[in-house]
Amino acid sequence: MNFIRALLSGWKIAGANNRILILYYFANLLFTIVAALPLYLVMRTAFNFNMVGTKLAGVFELGLLVAFAIRHSEFLTGATAAFFLTAMLFVLINIFLAGGTIAVFVTDRKRYDAALFWGNCGYYFSTFLRLILFSLTFYGITLFVIFPATTSLVESSLISIVENSRLWAEIIAFALIVPTLLTTVLLIDYAKVRLVVTGERGTLGALAKSIKAFFKHFITFVEVLLFFVFINVFIYLFYSLISDFFQAPTLFALITLIVLQQILVVMKLKLRLVYFASLVELYPHLFLTVAFLPAKSFAAETEEKTETENQ
Amino acid sequence: MHQKICKFSIFSIFSFLFISSFAQGTNTNTQQTGYRINARFDSESATIFGEQTFHWRNTFAHPILSLCFRGENVNTTSNPNSMQKKTPVFIDSVSFLDNENSIAAIVADSLQNDHGLFEPVTWIVFSKPINPLHSLRLQFAFQAQNAAFPSTSAPSVRSYPAINWYPKFLAYSQTNVQIDTEEQNIIALQIFANYDVFIVSPNQNTIAASGVLETIELQDSVKTFHFSGNQLPDFVWANCTDCVEISEQWNQITIRLLLDRTNENLAGRYFSTAKKALEYLQASFGEFPYSQLTIWGLKNEAMPGRFSGYPTFIFAPPRNTLLGGNAHFLERAVYYGSAEQYCGGIISPALDDTRWLLTGLAAYSGMRMMDIYHGKSANLLDYMGIRLNDSDYNRLIYLRKTYPPKSFRSNPLLNYLRFDNDHLQAKAALFWSTIAYQFGQPAFEKILKNYFQQWEFQQPTLRDFIGICEKNTGENLTHLFEQACNENTILDYAVENLTSLPSSTGNQFETSITVVKVGTFVMPMVLDVHFQDGAKKRVYWDGFENRKSFTLQSKSQAQSAVIDPDQKILLDTNFANNSRTVVAQLGDEKMASRWLFWLQNLLLFLTSFLG
Numbered sequence: 022m023n024f025i026r027a028l029l030s031g032w033k034i035a036g037a038n039n040r041i042l043i044l045y046y047f048a049n050l051l052f053t054i055v056a057a058l059p060l061y062l063v064m065r066t067a068f069n070f071n072m073v074g075t076k077l078a079g080v081f082e083l084g085l086l087v088a089f090a091i092r093h094s095e096f097l098t099g100a101t102a103a104f105f106l107t108a109m110l111f112v113l114i115n116i117f118l119a120g121g122t123i124a125v126f127v128t129d130r131k132r133y134d135a136a137l138f139w140g141n142c143g144y145y146f147s148t149f150l151r152l153i154l155f156s157l158t159f160y161g162i163t164l165f166v167i168f169p170a171t172t173s174l175v176e177s178s179l180i181s182i183v184e185n186s187r188l189w190a191e192i193i194a195f196a197l198i199v200p201t202l203l204t205t206v207l208l209i210d211y212a213k214v215r216l217v218v219t220g221e222r223g224t225l226g227a228l229a230k231s232i233k234a235f236f237k238h239f240i241t242f243v244e245v246l247l248f249f250v251f252i253n254v255f256i257y258l259f260y261s262l263i264s265d266f267f268q269a270p271t272l273f274a275l276i277t278l279i280v281l282q283q284i285l286v287v288m289k290l291k292l293r294l295v296y297f298a299s300l301v302e303l304y305p306h307l308f309l310t311v312a313f314l315p316a317k318s319f320a321a322e323t324e325e326k327t328e329t330e331n332q
Numbered sequence: 005m006h007q008k009i010c011k012f013s014i015f016s017i018f019s020f021l022f023i024s025s026f027a028q029g030t031n032t033n034t035q036q037t038g039y040r041i042n043a044r045f046d047s048e049s050a051t052i053f054g055e056q057t058f059h060w061r062n063t064f065a066h067p068i069l070s071l072c073f074r075g076e077n078v079n080t081t082s083n084p085n086s087m088q089k090k091t092p093v094f095i096d097s098v099s100f101l102d103n104e105n106s107i108a109a110i111v112a113d114s115l116q117n118d119h120g121l122f123e124p125v126t127w128i129v130f131s132k133p134i135n136p137l138h139s140l141r142l143q144f145a146f147q148a149q150n151a152a153f154p155s156t157s158a159p160s161v162r163s164y165p166a167i168n169w170y171p172k173f174l175a176y177s178q179t180n181v182q183i184d185t186e187e188q189n190i191i192a193l194q195i196f197a198n199y200d201v202f203i204v205s206p207n208q209n210t211i212a213a214s215g216v217l218e219t220i221e222l223q224d225s226v227k228t229f230h231f232s233g234n235q236l237p238d239f240v241w242a243n244c245t246d247c248v249e250i251s252e253q254w255n256q257i258t259i260r261l262l263l264d265r266t267n268e269n270l271a272g273r274y275f276s277t278a279k280k281a282l283e284y285l286q287a288s289f290g291e292f293p294y295s296q297l298t299i300w301g302l303k304n305e306a307m308p309g310r311f312s313g314y315p316t317f318i319f320a321p322p323r324n325t326l327l328g329g330n331a332h333f334l335e336r337a338v339y340y341g342s343a344e345q346y347c348g349g350i351i352s353p354a355l356d357d358t359r360w361l362l363t364g365l366a367a368y369s370g371m372r373m374m375d376i377y378h379g380k381s382a383n384l385l386d387y388m389g390i391r392l393n394d395s396d397y398n399r400l401i402y403l404r405k406t407y408p409p410k411s412f413r414s415n416p417l418l419n420y421l422r423f424d425n426d427h428l429q430a431k432a433a434l435f436w437s438t439i440a441y442q443f444g445q446p447a448f449e450k451i452l453k454n455y456f457q458q459w460e461f462q463q464p465t466l467r468d469f470i471g472i473c474e475k476n477t478g479e480n481l482t483h484l485f486e487q488a489c490n491e492n493t494i495l496d497y498a499v500e501n502l503t504s505l506p507s508s509t510g511n512q513f514e515t516s517i518t519v520v521k522v523g524t525f526v527m528p529m530v531l532d533v534h535f536q537d538g539a540k541k542r543v544y545w546d547g548f549e550n551r552k553s554f555t556l557q558s559k560s561q562a563q564s565a566v567i568d569p570d571q572k573i574l575l576d577t578n579f580a581n582n583s584r585t586v587v588a589q590l591g592d593e594k595m596a597s598r599w600l601f602w603l604q605n606l607l608l609f610l611t612s613f614l615g
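Going down the list, the protein sequences come from chains A and B.
Take any residue in the first sequence, note its place counting from 1, add 21, and you have its number in this note's numbering.
Take any residue in the second sequence, note its place counting from 1, add 4, and you have its number in this note's numbering.
Calculated from the structure, these hints are not laboratory results.
Careful: at least some of the hints might be erroneous.
Unchecked claim - Covered by chain B, per the in silico footprint, the following chain A stretches (three or more residues, Cβ under 8 Å):
#, segment
1, 58-72
2, 194-200
To be verified - In silico lysine to aspartate or glutamate, EDC-like type, Cα no more than 16 Å apart, as pairs:
#, chain 1, residue 1, chain 2, residue 2
3, B, 521, B, 496
4, A, 76, B, 570
5, B, 405, A, 265
6, B, 90, B, 55
7, B, 552, B, 496
8, B, 172, B, 123
Please read all numbers here as calculations on a predicted model, not as lab measurements.
Just so you know, even glycine gets a beta-carbon here, dropped at the ideal spot from N, CA and C.
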């Protein structure tokens with residue numbers, strides 16, 4: 022049960038680094054506020070002092086909103102472009118923060134060490150950026166080459182069996198592509214962990230070793246994937262269930278809903294950190310011999326080593 | 005004496021028929037046209053080929069020298085990348101069956117259809133004119149190709165609709181046709197005709213068509229389907245392989261349903277919807293004049309994009325079935341298609357007015373049925389808190405055209421509206437609903453009943469319908485119709501300002517309301533002012549001035565002012581400015597919180613892959 026042991030240690034390590042969680046949360050909030058503010062201001066002029074505002078405070082009337090979108094379509098096109106720009110910046114910030122986060126988890130510092138965190142953020146930025154560019158190329162090939170090709174292939178075999186062969190082919194191809202994309206995410210993240218643990222700079226080598234480890238420890242990797250996908254789905258469903266109780270057009274309901282939404286975002290971010298920490302903890306189980314498996318966590322071991330070296 | 009009365013009666017009837025044939029040109033073409041078609045369908049190549057015998061009698065007061073036949077098969081699809089696909093109908097040969105006349109020329113031309121697009125047609129010019137009350141019989145050999153949509157997938161050979169598939173009589177000319185000249189004497193016609201159609205198709209196929217299925221004959225590897233229909237304005241058919249066919253009876257009407265095997269469970273929904281539709285339409289507009297109604301519930305590529313009711317035939321593919329009973333798109337298609345049976349099956353409006361009198365009135369009736377059978381609120385979609393009304397859906401189709409910036413056209417989020425891109429039909433439906441609210445819905449439906457009875461199997465114009473409305477209501481409605489028909493007229497009234505302050509005497513509140521006419525469409529308006537003690541005051545405004553202020557005295561402070569409080573004027577392009585409240589509402593904050601939350605999740609999702 023390597024995965025469960027790694028998960029528990031990961032939870033502990035991520036929990037000990039709440040500063041990083043706060044950093045991620047505020048980065049996410051800041052960027053989304055920047056992206057959402059123009060639309061809010063336009064909505065404020067349209068709905069603040071009228072009965073449509075009363076209606077929208079209660080239910081999600083699609084007709085009213087699409088009518089709003091039609092009337093403000095030029096603004097929305099501009100806002101969408103601005104959002105994509107903001108999203109791109111946010112992605113870069115996340116790539117930057119990943120190096121520091123993994124380094125902190127690997128060393129398992131009990132106190133937040135700004136120099137260690139920011140130093141590693143900068144140190145690994147270009148390496149991680151290369152990794153993301155590799156993954157982007159792969160996503161592009163998957164979505165624009167493999168997906169249409171799979172769809173056509175499936176469709177040609179379904180055309181004499183079902184009436185709406187195109188739709189079914191797309192559904193089947195999508196069902197095949199999603200695990201591929203998720204596995205790519207895992208491989209890229211694992212390569213990042215490997216780069217930080219080993220201190221290597223070669224991204225292609227790290228990626229190749231990750232792929233090798235993936236096939237060697239297939240079950241463990243699938244466990245990681247399934248756990249984090251399902252836990253995300255589960256907390257979203259839980260939120261949906263709870264949020265239904267707070268749709269009334271009152272100030273109390275609105276504030277409660279906003280608090281709930283932010284709790285969900287924090288939980289998702291926390292899960293992301295636990296995921297990284299779990300990968301860090303999983304690393305020796307997959308790459309090192311069984312004899313090495315320590316009673317202490319791998320991160321603690323690494324930290325001890327670091328401290329000895331420092332002395 | 006008895007013999008004299010008989011002779012006089014016969015003379016009177018003939019005189020009436022003769023005189024009426026001159027009185028209004030478009031009224032008299034009923035029962036004068038007939039098609040007998042023997043067609044063979046090759047499903048592998050989606051080709052239809054065969055012979056057609058066309059019978060026509062000139063009931064106009066003048067001789068006719070040329071007849072025009074449609075030569076293009078137009079199919080639409082749900083895929084926005086290939087909304088329309090046109091395939092030609094080739095006329096291989098034409099000959100007179102009677103020896104009194106001959107063909108002088110066959111001329112290829114194009115005519116503007118009711119969408120404003122030009123479609124190829126074939127003019128047949130005779131050597132001698134066809135005199136009034138004279139008949140002709142022509143024999144055509146033709147072939148047509150049904151549309152395939154390779155942009156979305158390999159051409160499916162499993163199911164095809166065939167619309168405009170035979171050389172159909174479309175227009176006439178008193179003179180010889182000269183291409184590229186303005187033909188003032190060409191009048192496009194949608195003629196009611198009798199059809200006798202034999203379609204030979206491979207054994208595994210099922211054919212559904214307009215009219216009544218008379219017989220199916222099995223011969224070796226093919227089946228011959230024989231359909232007949234009287235007084236049909238058009239004849240469409242569709243072919244499917246391996247589909248399910250279920251029939252049910254309702255009040256002497258056979259409802260024939262064709263479904264994909266995977267959607268067999270939807271049969272109950274189709275039948276109950278069709279029965280409700282027929283019940284409503286019969287009660288509102290009179291007896292359904294046909295004995296069979298066919299519903300095509302199959303999903304395929306080459307399918308008419310919008311809801312489509314053809315004579316005795318409804319294309320109602322299942323849409324959004326994954327949403328189950330939370331979405332009523334299937335019901336919408338059946339209601340709208342059934343309503344078109346009356347608006348375009350019993351009455352064939354003049355070609356220029358089809359959007360107003362055919363699809364527009366049908367959409368109005370469809371909207372009414374959605375309101376009656378699925379409630380006025382969220383009757384089209386109510387899923388995971390997302391709600392949509394059918395009337396709102398029609399408003400969106402209309403608004404999309406009213407605000408057409410270039411950037412919007414390429415906005416994928418709203419591209420779905422292109423599926424029902426007939427904004428004029430939506431505008432007509434909204435206008436008829438507005439008119440119905442003005443007169444009261446029962447009164448408007450009485451007008452419709454009179455209209456259907458008066459113009460059954462004839463070709464009224466919009467002016468005729470306005471005449472009936474004016475006669476029944478005693479009001480001059482011409483200015484309203486003129487505004488509605490003007491493409492550039494926009495209806496938008498707004499409450500610009502609302503203040504409610506204590507008056508100088510201290511024990512009362514003085515409330516000032518300013519209403520403005522933002523658009524150019526003039527319509528009488530009702531304004532409701534609500535007060536904090538629950539009282540309500542109603543103010544009427546003729547809507548003529550660009551700006552109007554009202555001052556009211558009340559015991560308590562005003563809460564809100566709403567123009568068109570019952571949202572009866574569906575043509576209003578902006579409902580958001582119809583009201584004003586004294587206190588700020590929470591709608592914008594709620595939407596902002598939703599928007600913020602979605603963006604946060606979107607960024608998290610994005611960084612899961614790229615972070």
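Outcome of the hint check:
A count of 10 residues in the segment 58-72 of chain A with a Cβ less than 8 Å from any Cβ of chain B is obtained; the coverage claim is therefore met, three being the minimum. Check result for the segment 194-200 of chain A against chain B: violated, 0 residues qualifying (beta carbon to beta carbon below 8 Å, three or more required). A C-alpha spacing of about 6 Å is found between residue 521(B) and residue 496(B), which places the hinted pair at or below 16 Å, so the restraint holds. At roughly 14 Å between alpha-carbon atoms, residue 76(A) and residue 570(B) fall within 16 Å of each other, so this suggested pair holds.
A hinted pair counts as satisfied when its Cα atoms are at most 16 Å apart, and residue 405(B) with residue 265(A) does not qualify at roughly 35 Å. Between residue 90(B) and residue 55(B) the alpha-carbon distance is near 22 Å, which puts this suggested pair outside the 16 Å criterion. Distance restraint check for residue 552(B) and residue 496(B): the Cα-Cα separation of roughly 14 Å lies within the 16 Å cut-off, and the hinted pair is therefore satisfied. For a cut-off of 16 Å, the pair hint linking residue 172(B) to residue 123(B) stands: about 13 Å separates their Cα positions.
Hints 2, 5 and 6 from the earlier list are contradicted by this structure; the remaining hints agree with it.
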